[in-house]
Amino acid sequence: MLETRDLYKHFGGLVATDHVSLSIREGELHAVIGPNGAGKTTLIAQLAGELRPDGGAILFDGKDVTRTPVQRRAASGLARSFQITSVFPSFSALANVALAVQAHAGHSFRFWRRAAHDAALTGPARDALELVGLGSRAEVPAELLSHGEQRQLEIAMALATRPRMLLLDEPMAGMGPAEGASMVDLLRKLKGRYTILLIEHDMDAVFALADWITVLVHGAVIATGTPEEIRYDAEVRRAYLGEETV
Amino acid sequence: MRDHGRETLAVLIGLAFLLALPFLAEAAGKGFYVTLFTRILIFGLAAVSLDLILGYGGMVSFGHAAFVGVGAYAVGILSWHVFDGSPLMTWPVTLEGTENAFVVWPLAMLMGGLFALVIGAISLRTTGISFIMITLAFAQMLFYLAIGLRKYGGEDGIALYNKSQLVPPIDLFDRTTFYYVCLGLLVAFLAVCRRLTRSRFGMAVQGARINERRMKALGFSPYRYKLTAFVISGAGAGLSGALLANAAEFVGPAYMSWQRSGELIVMVVLGGMGTLFGPVAGAAAFLLLEEWLADLTEHWQIILGPILLFVVVFARRGLWGWVAGQGREDR
Amino acid sequence: MTLLLLIEQGLNGLQLGVMLFLMAAGLTLVFGIMDMINLAHGSFYMVGAYLTATFAPVFDSFALAVLAALPLAALVGMAVEVVALRTLYRREHLDQVLATFGLILFFNELVRIVWGPQPIFLQPPSWLAGTVEIIPGVPYPAFRLAIIAVGLAVAVFLYLLITRTRTGMLIRAGASNREMLGALGVDVKRLYTLVFGLGAALAALAGAMAGPVLAVQVGMGESVLILTFVVIVIGGLGSVRGALVGALLVGMVDTLARALLPTVLRTMMPPSQADGMGASLASMTIYILMAAVLAWKPRGLFPAHA
Ligand SMILES: Nc1ncnc2c1ncn2[C@@H]1O[C@H](COP(=O)(O)OP(=O)(O)OP(=O)(O)O)[C@@H](O)[C@H]1O
Ligand SMILES: [Mg+2]
Chain A
1 MLETRDLYKH FGGLVATDHV SLSIREGELH AVIGPNGAGK TTLIAQLAGE LRPDGGAILF
61 DGKDVTRTPV QRRAASGLAR SFQITSVFPS FSALANVALA VQAHAGHSFR FWRRAAHDAA
121 LTGPARDALE LVGLGSRAEV PAELLSHGEQ RQLEIAMALA TRPRMLLLDE PMAGMGPAEG
181 ASMVDLLRKL KGRYTILLIE HDMDAVFALA DWITVLVHGA VIATGTPEEI RYDAEVRRAY
241 LGEETV
Chain B
1 MRDHGRETLA VLIGLAFLLA LPFLAEAAGK GFYVTLFTRI LIFGLAAVSL DLILGYGGMV
61 SFGHAAFVGV GAYAVGILSW HVFDGSPLMT WPVTLEGTEN AFVVWPLAML MGGLFALVIG
121 AISLRTTGIS FIMITLAFAQ MLFYLAIGLR KYGGEDGIAL YNKSQLVPPI DLFDRTTFYY
181 VCLGLLVAFL AVCRRLTRSR FGMAVQGARI NERRMKALGF SPYRYKLTAF VISGAGAGLS
241 GALLANAAEF VGPAYMSWQR SGELIVMVVL GGMGTLFGPV AGAAAFLLLE EWLADLTEHW
301 QIILGPILLF VVVFARRGLW GWVAGQGRED R
Chain C
1 MTLLLLIEQG LNGLQLGVML FLMAAGLTLV FGIMDMINLA HGSFYMVGAY LTATFAPVFD
61 SFALAVLAAL PLAALVGMAV EVVALRTLYR REHLDQVLAT FGLILFFNEL VRIVWGPQPI
121 FLQPPSWLAG TVEIIPGVPY PAFRLAIIAV GLAVAVFLYL LITRTRTGML IRAGASNREM
181 LGALGVDVKR LYTLVFGLGA ALAALAGAMA GPVLAVQVGM GESVLILTFV VIVIGGLGSV
241 RGALVGALLV GMVDTLARAL LPTVLRTMMP PSQADGMGAS LASMTIYILM AAVLAWKPRG
301 LFPAHA
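Chains as they are written, first to last, in this note's numbering: chain A, 1 to 246; chain B, 1 to 331; chain C, 1 to 306.
Pulled out of the complex, with its shape left as it was, chain A reads as follows (with noise of 0.2 Å):
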């Protein structure tokens, strides 16, 4: 369904996406895991298309996407959660998922309706935020609601646009352990109904969560594997996990 083909990109002399072919297929769970700084948001940056690489290519559906911009992309079904949380602070937690809603209704020229009595978009933006957990925090302003809800948020904002992908920049970050275990038990439902890359920290999670994990440091992928191979892979335990036993 995704796919990059030797995609290249740096920073002045940092090398931070370096020659990364990934194939992602429909309905499964792809985990990309890295120490810091290892390139993982950048990458996820690249396929949503707020940055331009510098060489390879992206193909989304079979399609070479690497010059459509952002908007086009995430029209086209491809959505992302930010690892630093964007949301709108000002606008009720509803307000943020209905804007997502909108988003994905076509175009919003439209003047007079009011948008927040608009049955079309509270009603699709209320399941979202049942489905993450947020149902009774609906008319709270997004600005007051805790780390761990505007984590839960952030889903829920692109679950709304309907997507075909899902691209989650490291969902639990900062989470306290119950809130990462509500947020595991989210992402193992969304499993299978969408095609997920999920970046994240967690290396319990993610061994428990995904069909497919691809290692990268330095901005290179140094494995590529189910969870079972990459658990026992020697460079991945040397380059990785093994610092993160320490």
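Hints were generated in silico from the structure; no laboratory data involved.
Glycine included, each C-beta is placed from N, C-alpha and C at the ideal position.
Check before you lean on any hint, since a few could be wrong.
Stretches of chain B that chain A covers, calculated by requiring three or more beta carbons in the stretch to come under 8 Å of a beta carbon on chain A [unchecked claim]:
| id | segment |
| --- | --- |
| 1 | 194 to 203 |
| 2 | 207 to 221 |
For the chain B half of the interface with chain C, some residues (derived, Cβ under 10 Å), not all of them [stated by the list, open to error]:
| id | residue |
| --- | --- |
| 3 | 147 |
| 4 | 263 |
| 5 | 296 |
Fit chains B and C with the ligands to the known structure of chain A by using the hints.
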């Protein structure tokens, strides 16, 4: 949090005051206030239109006076042709001058919107400081263009011999009538803007202000919504220009000066950005302050300047936040 | 005849260009380093002109008057920075616009109170009052040539300052990466104040030299300020090189359009109509130039921030 009750009350009291003003003024023998408040309503209209892009859209346009001027010139030029007896143009169709408000005022809005479309299309390719400078520069271009209109008085502008004509019994030369027409248009424009800002379109524009990156990631193309808001705002400014031309019975390049654009921004911020009603209060406060300071000393700007600095540093919420207990609508 | 006209107008364009460069150089650094929009930059231009006009009769020398005016203007600039603008760096651009708009009103009124509303006419120094034959048969005012020379000298000075000195290194670093300055442990506050003072002095120099060419009057700063904005938008925010290229481009295009457009149009339509339309079109050319550059490169020709 919001306090809708208090805001509604403030709007009703404000409206009641504005409705009663001509009676109060005439009763007190100070008819001059009707004229002054007519100006306040007109500048209020311009400020509300600016609030659409500045407060809701986060576009710091420093050229809004240009669209006011365009609207004013639409009225002025057509009126000039009535007086002169010459046609406005003969090709491809012959168009005569007119003073019919039902033609001229919509035309002023159309022209305001059209100029905003061209200027906005270019300016919105940039953001931040560049956007401010570019809107200022284009407004200055129109200012010089107006000076170059020698046929229409150049630097001296056009003195109107007649006001726009509505349906017969309504005579805009009567200052109370003209006041109520302006009030009616302002209220109508406010109502329209209120719907706009809360519609899907309004949400898209506000979203683009708050977090443009997120909007794109959701699949929005912010540019077209921002541009549309810019055009609507320009049309509103054009209407206020048409009224201004009628109020002053004069049209001149000074309507488009960069100071005017600056003053409009001041009105919006002083009143409260993103509140719609605030800018009307801001226009009133600004013009009354100007009036009062000018009475005090010939060099009133030396007091006004530091007041602006003070407002920026200390009074960010604007008058409306203070009166109605409510700042930005999305708060 | 047309060739001579072209040379003369070309020089006029160059002269306008270097004046704009003096204005733009300081302003673009303030934009680039501090991410701050300062509308009151034109006020320094005006203050420079008025101070020079005041000192010239006292010292009985234009050059000495300029030399006295520059440090004073720099002081005014630094005082404004310390008192009013310093608190605004981290604020929204809108706040900066409003506050510096207030400053313009203040300065204009202050000048009106001190020097009165009448324009003042400033004589060029006597030794530059005549004309020079640049090529045989083409006399050109010596003072305008001097402006060009001074402007180019300042450009060279800025180039050396920015590429060869430590302060210049910091300015460059700041213009392309603001956060880095703090990380380097530089006294950022002092650097900002210095840059501001330098910018004010350059603007004052432009104003002083404009004095004998134009009239010294209240509001003179704003029309040149807006031209300067056009220059900076074309050149790219924060880039001194962009400011130089933009300034020369705007100076040339504006001057040549004003000189040539009416003539060109006269070949197509009756003279009175041609002059009117030519003047209107000419006043629009630089804005059209700006629009064209933006359509091509929305961030200007030499954007400082990558
Ligand atoms: N815009 C940028 N300019 C310069 N360098 C950048 C930029 N963005 C990222 N980098 C660098 O690229 C490298 C990869 O960054 P990236 O954010 O993709 O890492 P990451 O794998 O997401 O790390 P983390 O696990 O901490 O989120 C880092 O060294 C980072 O400093
Ligand atoms: Mg990351």
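Consistency of the hints with the structure:
Against chain A, the segment 194 to 203 of chain B contributes 8 residues with a C-beta closer than 8 Å to a partner C-beta. That satisfies the three-residue criterion, and the hint holds. Residues of the segment 207 to 221 of chain B with a Cβ under 8 Å from some Cβ of chain A number 12, which satisfies the need for three, so the listed coverage holds. For residue 147 of chain B, the shortest C-beta to C-beta distance to chain C is roughly 8 Å, which falls under 10 Å, so the interface hint holds. Because the closest C-beta pair between residue 263 of chain B and chain C is about 9 Å apart, less than 10 Å, the hint holds.
Taken as an interface hint, residue 296 of chain B does not check out: its beta carbon lies about 13 Å from the nearest beta carbon of chain C, beyond 10 Å.
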